[in-house]
Amino acid sequence: MSAGTWALTGPRLVAAVGVLAYNGAHNPHAEHLALGADWAVYLVGAGLILAGALGVILLRNPVHCALFLVITLFGVALEFVDESADFLAAVQIIVYAGAIVILFLFVIMFLGVDRKDRIAEEPLPAQRPLAFALGLAVLILVLVLAGFGTWSTGAHSLSGALRSVHGPADDVGRLGQTIYTRFLLPFEMTSALLVISIVAAVVLARSRHRVAGEMSEAEQAALRDADRARSPQRADGGPGTPTSGAPGGGRQDAEVEG
Amino acid sequence: MRVPADWYLILALILFVLGGTGLLVRRNVLVMFMCVELMLNAVDLTFVTFARTLNDLGGQAAVFFVLVVAAAEVVVGLGIIVAIFRRRADATADDVHILKG
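Chains A and B are the protein sequences, given in the same order.
To convert a position in the first sequence, counted from 1, into this note's numbering, add 11.
To convert a position in the second sequence, counted from 1, into this note's numbering, add 2.
Hints were generated in silico from the structure; no laboratory data involved.
All figures in this text were calculated on a predicted structure; none of them were measured in a lab.
For each residue, glycine too, the CB sits at the ideal point set by N, CA and C.
Hints are not guaranteed to be accurate.
Some chain A residues close to chain B (C-beta under 10 Å, calculated; not the full set) [what the hints assert, rightly or not]: (1) Tyr53; (2) Glu90; (3) Thr189; (4) Ala240.
A short list of chain A residues far from chain B (calculated; beta carbon distances all over 12 Å) [stated by the list, open to error]: (5) Ala229; (6) Asp236; (7) Asp238; (8) Arg239.
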């Protein structure tokens with residue numbers, strides 16, 4: 012048993028304390044927790060998820076919303092552990108709580124959004140009751156639909172069995188095998204997607220106006236010519252190199268401020 | 003015994019509805035983004051639940067890809083939000099009508 016495995020089973024153990032003893036720690040094939048411990052983990056996770064989600068919706072400070080989002084994501088990770096998706100639980104915490112929420116907080120702090128969020132003002136008066144009504148309608152609809160039929164359709168084990176007959180799945184190994192064989196093309200496409208999104212983020216985050224040093228010689232010359240054509244009196248100073256960067260810089264500042 | 007799949011699916015449904023309601027109610031673009039994350043997590047939960055019920059790894063693989071797409075989406079979305087905020091100091095979703103020509 013590695014340290015990572017223990018880190019993953021840790022929440023289970025914590026949740027099982029006070030309910031029933033964890034009886035499978037000595038047996039590597041023991042997947043099921045003691046009677047009731049599953050329910051305990053489920054209920055703790057569900058409580059975290061719902062509290063976090065309500066916090067995200069109701070709190071008016073975006074920083075608080077982001078922190079409650081962490082609570083929800085942790086609850087979801089707890090449910091993943093409960094459903095023996097250990098790898099996804101770890102990735103959930105590392106990627107979501109560790110990276111995405113930090114990105115949110117970074118942008119909130121960077122932009123200073125936390126100063127004001129006018130939740131009391133409502134330009135569309137019908138929006139809020141309509142939203143609650145729609146949400147409630149969807150909830151009731153799916154619950155009614157759930158009352159009729161079975162939850163699932165389709166053939167079982169299309170892409171490999173989750174559990175072997177002998178014992179629990181070696182989750183990480185099996186998942187990796189599936190992703191690198193059956194889902195190889197989507198996997199490669201996600202790498203392309205990540206590269207595209209990184210490029211897009213750089214392009215979006217960059218200032219629209221480039222400094223003179225980033226331009227090619229031809230672009231700088233074109234900019235100089237344009238400036239000279241617009242303001243001929245400035246060209247009288249001479250076409251020497253010391254003054255060549257100045258008109259462009261002045262123009263940039265003016266556009267940024269406007 | 004393990005918790006029946008229905009409980010997870012109902013939990014995921016409630017989370018999805020909460021996220022959707024928040025998406026409609028809130029007007030701060032960042033909080034709307036967080037609500038989208040809530041909805042994505044609800045769908046992740048159903049995927050994992052069905053993977054367990056159907057004994058099929060495809061569900062967990064789908065969650066893996068949802069994670070990647072969510073990360074890419076947040077990067078680009080936050081980039082757009084930063085670009086909007088650079089133009090206007092106070093951007094709520096209603097203010098995006100200034101995009102009109």
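Check your understanding: For this structure, which hints from the list above don't hold up?
Key -> 4
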